[in-house]
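In order, the protein sequences belong to chains A and B.
If you count by this note's numbering, then the first sequence holds residues 1 to 393, one letter each, in order.
If you count by this note's numbering, then the second sequence holds residues 1001 to 1393, one letter each, in order.
Calculated from the structure, these hints are not laboratory results.
Glycine included, every Cβ here is placed at the ideal spot set by N, Cα and C.
One should not assume that every hint holds.
[To be verified] Partial list, derived from the structure: chain B residues whose beta carbon lies under 8 Å from chain A: (1) 1132; (2) 1166; (3) 1266; (4) 1348.
2 protein chains.
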Amino acid sequence: MAITFSNRAKTLRASEIREILKLTQRSQLISFAGGLPAPELFPIKELQDVSRLVLEEFGGQALQYSTTEGYAPLRRQIAQRMNTKFNTSVDDTNILITNGSQQVLEFTGKLFLDEGDVFLCESPTYLAAIAAFRIYGPNPIGVPTDDEGMIMTELERLLKANPHAKFIYVIPDFQNPTGRTWSIERRKELVKLANQYEIPIIEDNPYGELRFEGPILPAVKSFDTKGLVIFTSTFSKTFCPGMRLGWVAADEALLEKFILIKQAADLHTSSISQQEVSKYIELYDFEAHIREIISVYKKRRDAMVAAMEEFFPADVKFTRPEGGLFTWVEFPERIKAVKLFEMCLERDVAFVPGDSFFPDKKVENTARLNYSCMPEERIREGIKRIADAINKY
Amino acid sequence: MAITFSNRAKTLRASEIREILKLTQRSQLISFAGGLPAPELFPIKELQDVSRLVLEEFGGQALQYSTTEGYAPLRRQIAQRMNTKFNTSVDDTNILITNGSQQVLEFTGKLFLDEGDVFLCESPTYLAAIAAFRIYGPNPIGVPTDDEGMIMTELERLLKANPHAKFIYVIPDFQNPTGRTWSIERRKELVKLANQYEIPIIEDNPYGELRFEGPILPAVKSFDTKGLVIFTSTFSKTFCPGMRLGWVAADEALLEKFILIKQAADLHTSSISQQEVSKYIELYDFEAHIREIISVYKKRRDAMVAAMEEFFPADVKFTRPEGGLFTWVEFPERIKAVKLFEMCLERDVAFVPGDSFFPDKKVENTARLNYSCMPEERIREGIKRIADAINKY
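Extracted from the complex, chain A is given alone in its bound form (with noise of 0.2 Å):
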């Protein structure tokens, strides 16, 4: 066939993490590997209710063609609640609605990065912003981190040494994949170095409203001044996925780029599930929702932490995450995490090797493991059979 497709498609390839999370389907299995919201949380019986409601209030308008900024309303309500929660002090012309922060991070990428282009990132860093950004042939560089956040002396030295750097992408709060959180201390330095090379900020927020314990730290774009801080989140974990309703916040001049972007992107996000999401804050206690989500996840998280005291020997560390879905392991270096998984399969446990994880080098021995999904009778016992496999091998 003839067919000549462009240059950058030649980057297209499936994502690890989908292929190995095809091996994890058997329903006996106990799988760590993916980053599912536990679905027995979800709010349908509300859903039902604002979903009949907006059609009987609006009636075919709800379901008409709509702005390509968003709902108005839902806009509003997105404003508050982050200022609420995160400090920041943005309005609705500051949000768009997109699917998911997936598209956010898509855009970004569309927005910033010719081929070859730099961009630094943690290391490791969420994998399916490497394969959003990837498509536009960037060259990503990780910036080693600590329990703190990216270490800003190495920050610093990568900006210093890559001038024309596009951003920098974190994930400050209960990061996928390590579950660590960044200090206010870092993240207000973040902002001074970024003010100082005048480089945006893309800071993704999917977990920080699922803090099991202390309170919710300002968010890097609360320590904004210069408009550099590209913030995104998501409903996928306080509401649910599937609707796939997300939304970026930006000084005016960028978010109309992302705006003229999305347009001709897909023209707009769903008008329906967009006016049932705010349909439901407005009726019903969202705080409370999220406080019956953060109680079940942080029993999860007790128990898969308790376990891995329990059976994990000595020299295999992991990272206790005060919120979010995800902790961390790091294996002593003999273990490699890809023959270690192969092992847990045949032991009906999974996780996902960390590799892939890493944008810029070759770490062998890691492992993110999920526990927003599983009853803590499952956690302890999978959790027991990996401590086997890593006896054994």
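Given chain A's structure and the hints, the job is docking chain B onto it.
Same frame as chain A, now just chain B:
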């Protein structure tokens, strides 16, 4: 600000038509400018039912993350409907569900177009397609058309002159903006030429099911022998546009590329919306619903054509579409449509000047008129006012 965007971001600009639509928001204005389906025909009651049923039947799974390809039963239903209506031979493995067919157009640009690449399209053509492709920096070349479609000698001349052209984009049924339909002969010849030059065809068919008279013609895709035809359509005109449900049908190897693009772009289309439409098709008489839309739109088309015949001067030409949403008007060359549009706004009536539908040349004396969203008496009154403006021009 030292933020540096990608080269492609420099092409971002607001759609001309959206700027025009902003001028037509006054409620007393008779607007033929939009391309909206009639909201009074949206199946609101039925959607309330299926929304409740899907959540009852599938619970949280209806709202969970889902596969990129789309909801399997809906993919099957779409394939069956395509085969029945358009004489194609596709099955579910050829279908990817997208956020409207606009997303398919954007993916097509991403998959095929590098900067400076040529693609061929009808002249005039759908302007949101040009907008979707534009961000990839291509060079569109318009192929002259007549009442039967592209003129094949012209197409062949342009294929010879542009041996690296990436694809041919066509809207064979009730074209946007002209309302014209390709003859069967031209469809066959198009595939023959595409086979000869081994160039993909993008067949955009949002209106094909809305035929007022005569039998639905076989899709260009139905004549595809080499897997070169990529077909896209949508539920926007037959169900409702607000849900943003469309699809692409292509041979598996090509579809795989679209699936990988979709995965990185936004993971998947709303799972709950897909399940709702699937349940609707299962439980209700979708074909009866489409017949109802046809009967309403046919009356509106009749009203518009009759009023144009009655009121327009004899030197104004217009199409009599056999289906779809639009008619196309050619004024005498001395009449500039943009100027006439301004005179019409003073008379509280609006249309879209045809200028921006031409991909590569300046044509100033045409207009697109939409009749789907307006009762007959308003259509008659609006055409009378346009005629008055023409006479005063």
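Given residue 1348/B as an interface hint, is the shortest Cβ-Cβ distance to chain A below 8 Å? 22 Å, violated
Minimum beta-carbon distance criterion (8 Å), residue 1166/B to chain A: Where the cut-off is 8 Å and the nearest Cβ of chain A is about 7 Å from residue 1166/B, the hint holds.
Hint validation: residue 1266/B versus chain A, beta carbon distance must be below 8 Å. Holds or violated? With a minimum Cβ separation of about 4 Å from chain A (threshold 8 Å), the hint on residue 1266/B holds.
Holds or violated: the hint that residue 1132/B contacts chain A, with Cβ atoms closer than 8 Å. Cβ of residue 1132/B sits 5 Å from chain A, so the hint holds.
In the structure shown, a violation is registered for the earlier hint numbered 4 alone.
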